[in-house]
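Trainee: Spelled out, the chains give:
2 protein chains.
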Amino acid sequence: MTQDLMSMYLKWYELSVHALNAYRVEGEISRELIEGLVLSGMGGSGIVGDVIYSLLYDKVDIPIITIKDYSLPKWVKKRWFVIAISYSGNTLETIHAMTESLRRGAKLAVITSDGKLLEYAKIYKIPFIKVDEGYVPRAAFPLLLIATLKILEELNIYKASKFYESLGVLNDNKIMNVADEISNFVGNSIPIFITNSKYYPLGLRCKDEFNENAKLISKVEVIPEWGHNDIVGWESRYGNVKAIVLNDGSEILNYVWKHLRDYGHEVKNIEINISDDYLTNIIYWSKVFGISSIKLALSKGINPKETKSISKYKEFLKHSKLARINFREKM
Amino acid sequence: MTQDLMSMYLKWYELSVHALNAYRVEGEISRELIEGLVLSGMGGSGIVGDVIYSLLYDKVDIPIITIKDYSLPKWVKKRWFVIAISYSGNTLETIHAMTESLRRGAKLAVITSDGKLLEYAKIYKIPFIKVDEGYVPRAAFPLLLIATLKILEELNIYKASKFYESLGVLNDNKIMNVADEISNFVGNSIPIFITNSKYYPLGLRCKDEFNENAKLISKVEVIPEWGHNDIVGWESRYGNVKAIVLNDGSEILNYVWKHLRDYGHEVKNIEINISDDYLTNIIYWSKVFGISSIKLALSKGINPKETKSISKYKEFLKHSKLARINFREKM
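Heads up: the sequence lines are chains A and B, in that order.
Quick note on the working numbering: the first sequence kicks off at 1 and runs consecutively.
Quick note on the working numbering: the second sequence kicks off at 1 and runs consecutively.
FYI, nobody ran anything at the bench for these hints, they're computed from the structure.
Treat the hints with caution; some may be incorrect.
The list makes no distinction among identical chains, and a pair is therefore deemed to hold if it is satisfied within one copy or across any two copies.
As the list claims (entries may be wrong) - For lysine-lysine, the following DSSO-like pairs were computed, each having C-alpha atoms within a straight-line distance of at most 30 Å:
no. : residue 1 : residue 2
1   : LYS242    : LYS150
2   : LYS74     : LYS150
3   : LYS300    : LYS312
4   : LYS268    : LYS318
5   : LYS174    : LYS198
6   : LYS242    : LYS268
7   : LYS74     : LYS162
8   : LYS198    : LYS308
9   : LYS258    : LYS314
10  : LYS59     : LYS77
11  : LYS11     : LYS300
12  : LYS162    : LYS77
13  : LYS198    : LYS312
14  : LYS308    : LYS242
15  : LYS308    : LYS74
16  : LYS242    : LYS321
17  : LYS300    : LYS314
18  : LYS125    : LYS74
19  : LYS59     : LYS78
20  : LYS11     : LYS318
21  : LYS74     : LYS198
22  : LYS150    : LYS125
23  : LYS130    : LYS318
24  : LYS116    : LYS318
From just these sequences and the hints, can you work out the full model?
Mentor: And the structure:
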């Protein structure tokens, strides 16, 4: 990991094309009828699950759930298919979820660059895609996303042809300017991203990027739920909050940013429909907001790559009860 | 709705006992085998769905999903059971979801006090529970929760005996003092509630209460996801944020509040396990935080009941495309 974070984001086009051409599933994906699909993963690996959930919401006939926890719901069992995604391969939550899936007789696939997940996949003959090492998980988003799409294609669930044809948007020469604008707007505020359920994964990605890279408090809100409670918090003007509306042109989001502006808040309305392909919009704006949060960090002399408090937290976890998992024994 | 909001919360014990004794399902709940359960509802009605999801996470063999949107995922169809919850009965999102469920041949039950949902339930012979009118939805939480539990009991999914035996906790004489303490702690800050996935519904309830009653910006975060990104935002100290940890005694939550304290943040650690029954903890702390947010509003001369910006938003919705739903035609 000697590359700096910005260089990693600037290579997203090359990384995507590489993943598209090079990644293959090792081992055979079961084609038996499945009753449901689970996407298990945390943080930058977990976002991929959120994206797939939104992508397939109106497209598939089996239930899909995302799991960002140590345990699986009871209804996940035999005949469910679990995709375990962990860039490092050592995410404790995902190892627990994977172990439990195997114990219940669910079918599995693993996406990882290394670590325990890769080791277990090989030992237990679980089909896997090994993504490239050497990145930080959040910068490896295109690798993890495309690997997951390859598994969905093998499962005959979804073929991302349009997305693959649109990867060129990652070379758009407006990206750096738009990223600058956003970075200047956010400044020292608490940025609050507001979007709809469909683009929640993008809102979450933006929040996480400003957390990790710029070390800012941030949050994400979605319509229509926003209009039932959060909206009232904006009646007062206090604290250093700013709103960024990720607007796909829907009637409600067009209302939201004007509503907030009329209440005297600082609002940035961003029209995110650069394509009619969902995944294309997701990856494009993930790049823009990623770079934007890095630029903000750099402008303040903050190291965007380093996440000291996560290291401290992981040190604690190593000595916690949760780390006492013996994969072989549990099987 | 001439009662003030505080009086409504102070009656939660009486309301709960009344709901327990008086509520019956009108019409017959289908006992055919179901393949999945949907809880559809927004805001104060939607929270009930979140609570049921967490409650049944490790208890049932069919997938459960909560929907806070106009549309249903494609996989919800015949042989799924949809519980549509809307206190007013006129929530646009829930009317859409209900209509779509019927169109797809799913089984249904309705929980409402009035409005279109009640009208349609009667016309289309959908089993329903009519809860008492005259409250604001967020104050009617015990009514909506107990009505939903009655439906789950009819479906042979869950029997809340322990919860019903524990309703007396709502008369606990410490509630007002604890509510005062929290209200003083929050003051003019942006309160951030941190808990685990299991207690996410409580965290969300707290956030929504401070939004609606105290007109504050607020947010909720859950572990273990918190440790993968949000934690980094707390490395800086800026803005007027304060953390409230809703701690059920888990190893990680015990770490979280100390971690934040060590980083110099103002943190309140609240031990929420007053019972070993999940629902008892949920309703007890919902009352405490509800009252706390009302007290905070009153101390500032703010009307806790009035939510002007929601009224304004609903006015917009009335004239939006989303309001153009013709139930009979859609059927």
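Trainee: Against this structure, judge whether each hint is valid.
Mentor: Taking the hints in turn, this is what the structure says about them:
no., hint, verdict
1, LYS242 with LYS150, "neither (38 Å within a copy, 43 Å between copies)"
2, LYS74 with LYS150, "both (27 Å within a copy, 22 Å between copies)"
3, LYS300 with LYS312, "within (23 Å within a copy, 40 Å between copies)"
4, LYS268 with LYS318, "between (41 Å within a copy, 26 Å between copies)"
5, LYS174 with LYS198, "within (25 Å within a copy, 43 Å between copies)"
6, LYS242 with LYS268, "both (8 Å within a copy, 26 Å between copies)"
7, LYS74 with LYS162, "between (36 Å within a copy, 21 Å between copies)"
8, LYS198 with LYS308, "between (32 Å within a copy, 27 Å between copies)"
9, LYS258 with LYS314, "between (42 Å within a copy, 15 Å between copies)"
10, LYS59 with LYS77, "both (23 Å within a copy, 13 Å between copies)"
11, LYS11 with LYS300, "within (24 Å within a copy, 52 Å between copies)"
12, LYS162 with LYS77, "between (33 Å within a copy, 28 Å between copies)"
13, LYS198 with LYS312, "between (34 Å within a copy, 24 Å between copies)"
14, LYS308 with LYS242, "both (26 Å within a copy, 21 Å between copies)"
15, LYS308 with LYS74, "neither (35 Å within a copy, 42 Å between copies)"
16, LYS242 with LYS321, "between (40 Å within a copy, 29 Å between copies)"
17, LYS300 with LYS314, "within (26 Å within a copy, 42 Å between copies)"
18, LYS125 with LYS74, "within (24 Å within a copy, 32 Å between copies)"
19, LYS59 with LYS78, "both (23 Å within a copy, 16 Å between copies)"
20, LYS11 with LYS318, "neither (33 Å within a copy, 47 Å between copies)"
21, LYS74 with LYS198, "both (26 Å within a copy, 14 Å between copies)"
22, LYS150 with LYS125, "within (18 Å within a copy, 46 Å between copies)"
23, LYS130 with LYS318, "within (25 Å within a copy, 51 Å between copies)"
24, LYS116 with LYS318, "within (14 Å within a copy, 54 Å between copies)"
Checked against the numbered hints listed earlier, the structure breaks hints 1, 15, 20; every other hint is satisfied.
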